[in-house]
Amino acid sequence: EAGVVQSPRYKIIEKKQPVAFWCNPISGHNTLYWYRQNLGQGPELLIRYENEEAVDDSQLPKDRFSAERLKGVDSTLKIQPAELGDSAVYLCASSSRDSETQYFGPGTRLLVL
Amino acid sequence: KQEVTQIPAALSVPEGENLVLNCSFTDSAIYNLQWFRQDPGKGLTSLLLIQSSQREQTSGRLNASLDKSSGRSTLYIAASQPGDSATYLCAVDTGANSKLTFGKGITLSVRP
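Heads up: the sequence lines are chains A and B, in that order.
Just so you know, our numbering puts 103 at position 103 of the first sequence, and the rest follows in order with no gaps.
Just so you know, our numbering puts 100 at position 100 of the second sequence, and the rest follows in order with no gaps.
Simulated from the structure, these hints should not be mistaken for laboratory data.
In this text the structure is predicted, and so the values were computed from the model without any measurement.
Derived BS3-like pairs (lysine-lysine); straight-line CA-CA distance at most 27 Å:
| hint | chain 1 | residue 1 | chain 2 | residue 2 |
| --- | --- | --- | --- | --- |
| 1 | B | K42 | B | K104 |
| 2 | B | K99 | A | K62 |
| 3 | A | K78 | B | K99 |
| 4 | A | K62 | B | K1 |
| 5 | B | K1 | B | K99 |
Throw the hints in and build the complete structure from the sequences for me.
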């Protein structure tokens, strides 16, 4: 069974540029999470989806961040415009209805110059 | 607001040693507690999940315990191996929208 897939793995952009991250969860997992992990810190939840509905986006900086999961499968997280402080690893995770275990992808490492 | 603390930030032990990683949390009203492993440049791998009604969980050489009343959990690793070198993160699920609050992790190095 394939795990959570994320792309790109690495991204370097200049500040004020837009950037997008893509995530494909494990097949059949209805819950999808986006986390941000700063260096030396634990991941922090940005947004959680149940199917195509965003049920918790309280930590998503909505002035510059947006996310979508149109068909309840894969998801895209966008930052526009990016700031220096957005440099971090962006992790996607998914889980199924009958388990609380979250399965994480390898992450996208973003560097904003 | 739930806060999760893991001390020390780093630990180095010789191969074969049994070791304990500690995790503390401020709000005992939790749904479950999870331990993850993170290798450099990789995502997180779930190791053990303890429900709030449980005291411990075991998987191979790993044993995790939970004391909700004191706000503590420990991850016990028996007969450590160099392949156990990684960062170990503790996360608490408060049950509110299944939101995990993570500690900063403990970076473990097992010397051959």
